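Colleague: Chain by chain, the residues:
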Amino acid sequence: MSEPIVQFKNVHKSFGDVEVLKGIDLDISPSEKVAIIGPSGSGKTTIIRMLMTLEKITSGDIIVDGQNLWKMEKNGSMVEANQKHLRSIRGDIGMVFQHFNLFPHMTILENCMTAPIHVKKEEKTEVRKRSIQMLERVGLGDKLDNYPNQLSGGQKQRVAMARALVMRPKVMLFDEVTSALDPELVGEVLEVIRDIAKNDDMAMILVTHEMDFALDIADKVVFLDEGVIAESGSASQVIEHSQNERLQSFLSRFRN
Amino acid sequence: MDFTYWSWDTFLEALPFVLQGLGITIGLTFSCFVFALVFGFVWTFLQRIQNKYIKAVVTFIMEFIRSTPPLVQLFFIYYALPVLPVIGVTLHPFVCAVIGLGVHFSTYIGEIYRSGIESVDKGQWEAATALNYSTKDKWLRIILPQAFPPTIPMLGNYFIIMFKEVPLASTISVGGILFMARTFGSEHWAYLEPITIVGILFLLLSYPSALLIKKLEKKINHRFNTSVMTKNTNA
Numbered sequence: 001m002s003e004p005i006v007q008f009k010n011v012h013k014s015f016g017d018v019e020v021l022k023g024i025d026l027d028i029s030p031s032e033k034v035a036i037i038g039p040s041g042s043g044k045t046t047i048i049r050m051l052m053t054l055e056k057i058t059s060g061d062i063i064v065d066g067q068n069l070w071k072m073e074k075n076g077s078m079v080e081a082n083q084k085h086l087r088s089i090r091g092d093i094g095m096v097f098q099h100f101n102l103f104p105h106m107t108i109l110e111n112c113m114t115a116p117i118h119v120k121k122e123e124k125t126e127v128r129k130r131s132i133q134m135l136e137r138v139g140l141g142d143k144l145d146n147y148p149n150q151l152s153g154g155q156k157q158r159v160a161m162a163r164a165l166v167m168r169p170k171v172m173l174f175d176e177v178t179s180a181l182d183p184e185l186v187g188e189v190l191e192v193i194r195d196i197a198k199n200d201d202m203a204m205i206l207v208t209h210e211m212d213f214a215l216d217i218a219d220k221v222v223f224l225d226e227g228v229i230a231e232s233g234s235a236s237q238v239i240e241h242s243q244n245e246r247l248q249s250f251l252s253r254f255r256n
Numbered sequence: 001m002d003f004t005y006w007s008w009d010t011f012l013e014a015l016p017f018v019l020q021g022l023g024i025t026i027g028l029t030f031s032c033f034v035f036a037l038v039f040g041f042v043w044t045f046l047q048r049i050q051n052k053y054i055k056a057v058v059t060f061i062m063e064f065i066r067s068t069p070p071l072v073q074l075f076f077i078y079y080a081l082p083v084l085p086v087i088g089v090t091l092h093p094f095v096c097a098v099i100g101l102g103v104h105f106s107t108y109i110g111e112i113y114r115s116g117i118e119s120v121d122k123g124q125w126e127a128a129t130a131l132n133y134s135t136k137d138k139w140l141r142i143i144l145p146q147a148f149p150p151t152i153p154m155l156g157n158y159f160i161i162m163f164k165e166v167p168l169a170s171t172i173s174v175g176g177i178l179f180m181a182r183t184f185g186s187e188h189w190a191y192l193e194p195i196t197i198v199g200i201l202f203l204l205l206s207y208p209s210a211l212l213i214k215k216l217e218k219k220i221n222h223r224f225n226t227s228v229m230t231k232n233t234n235a
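In order, the protein sequence lines correspond to chains Y and G.
Anchor point for the first sequence: position 119 equals 119 in the UniProt record's numbering, and the numbering is continuous, going up by one each time.
Anchor point for the second sequence: position 178 equals 178 in the UniProt record's numbering, and the numbering is continuous, going up by one each time.
It is possible that part of the hints are untrue.
[Unchecked claim] Listed below are the simulated BS3-like cross-link pairs for lysine-lysine, each with C-alpha atoms no more than 27 Å apart in a straight line: (1) Y:LYS84 to Y:LYS71; (2) Y:LYS220 to Y:LYS9; (3) G:LYS164 to Y:LYS56; (4) G:LYS52 to Y:LYS71; (5) G:LYS136 to Y:LYS121; (6) Y:LYS74 to Y:LYS56; (7) Y:LYS84 to G:LYS52; (8) G:LYS52 to Y:LYS170; (9) Y:LYS84 to G:LYS164; (10) G:LYS122 to Y:LYS74; (11) Y:LYS120 to G:LYS52; (12) G:LYS52 to Y:LYS143; (13) Y:LYS56 to G:LYS122.
For the record, the hints were derived by calculation from the structure and aren't laboratory data.
In this text, all values refer to a predicted model and were calculated from it rather than measured experimentally.
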């Protein structure tokens, strides 16, 4: 088995006095698709927000491609990472948000092009070509010059995915990307994720409530409960053979 | 018409005299406004420093400046500053007015900038971080382009408010239209006509400006509702 692209080592996270994550250990291999499931408030989103550097860790280590994300070496000792260090690692990670967070003052093509050009300093015509291809892939090739608020929620989320993909991350994070959508728009977004999961070899971490979907595409399912990983394994292991009562009762809520 | 208080001859005589001050009044308004726009950035920047002591000091200074009448501030800079040891300097009245009114209004303008920045959704910062923007590019490409347009109408209103406060500078002998009117009044012992002219001039200038700003506001709101703004629609 190859070196993991992402490793969580005994990661703790507290918000004030409340400890949300109580020691997370998790390895993710390159190209592995991991679904994190669990009751709301169990800290699922916090895990990927820490990996995206949107939330500081309280203790522990997150290793991305061999480098410690939140700590760096300075004069022989490990100190808290500065912005420069975070930036040097963060480029490998992309994220899609629950509320899309498209840039409203840019067209959807500009939304996709801006970061490769201004952050990665790539050549504009190449980025443009790649962005258009990506938007066509998510089915929005005819909306290039529209602004985000001229689109439906499902379309916005597909743009958000194209925007993240154009950056060619090694790890893609999906934070409950269908939770803010009307039910009839969920399918189109899941279709795109399924397509990415099947055809792209980046690692993916999905936090989701779409249970059947998660179990379908995930190589590994992680059940998070009360701040710890209560169960982890392949979809069939976790679903069919787990003796964990809380997991069974959690899953039974999704089976009508 | 038998109206002994009012003389059209005096009016016609006073008009060109008062108009001599118009350039100064308008020039001072623009100078103060530009000064306040630039200095407002300083307040906004200082307020964003994440240190509670610095924050407390900055808030105190801003409150102090806002709670003191601009007239008192002008008098301080013009009359009191020159007699202070070490830091005392004598400044040209026009410069005094620009600094006095400019600093006073910059505290309000800084507040407007702040509200503009805070109106940008938290998700925009997060998306910019996720795309690995540098701090500078985050501000220039993502946050400020969204924060600035909604502040334009508020800034416009402050422009008009400043325009109406500029006559305060006449008290430290800046030769704007009010100063000219008072000079004419004391020389001819006729105040009604020149002061009336001042009132009319202010009306003629500030009312159209207000209309212009309203129009601008509508345009911006329109733009933001139809193609850009997102606040509650989760762009």
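Colleague: Could you run down the list of hints and mark each one as holding or not?
Modeller: Cross-check of the supplied hints:
| no. | hint | in the structure |
| --- | --- | --- |
| 1 | Y:LYS84 to Y:LYS71 | holds (12 Å) |
| 2 | Y:LYS220 to Y:LYS9 | holds (18 Å) |
| 3 | G:LYS164 to Y:LYS56 | violated (50 Å) |
| 4 | G:LYS52 to Y:LYS71 | holds (26 Å) |
| 5 | G:LYS136 to Y:LYS121 | holds (15 Å) |
| 6 | Y:LYS74 to Y:LYS56 | holds (19 Å) |
| 7 | Y:LYS84 to G:LYS52 | holds (25 Å) |
| 8 | G:LYS52 to Y:LYS170 | violated (39 Å) |
| 9 | Y:LYS84 to G:LYS164 | violated (48 Å) |
| 10 | G:LYS122 to Y:LYS74 | violated (32 Å) |
| 11 | Y:LYS120 to G:LYS52 | violated (36 Å) |
| 12 | G:LYS52 to Y:LYS143 | violated (47 Å) |
| 13 | Y:LYS56 to G:LYS122 | holds (16 Å) |
Of the numbered hints listed earlier, those contradicted by the structure are 3, 8, 9, 10, 11 and 12.
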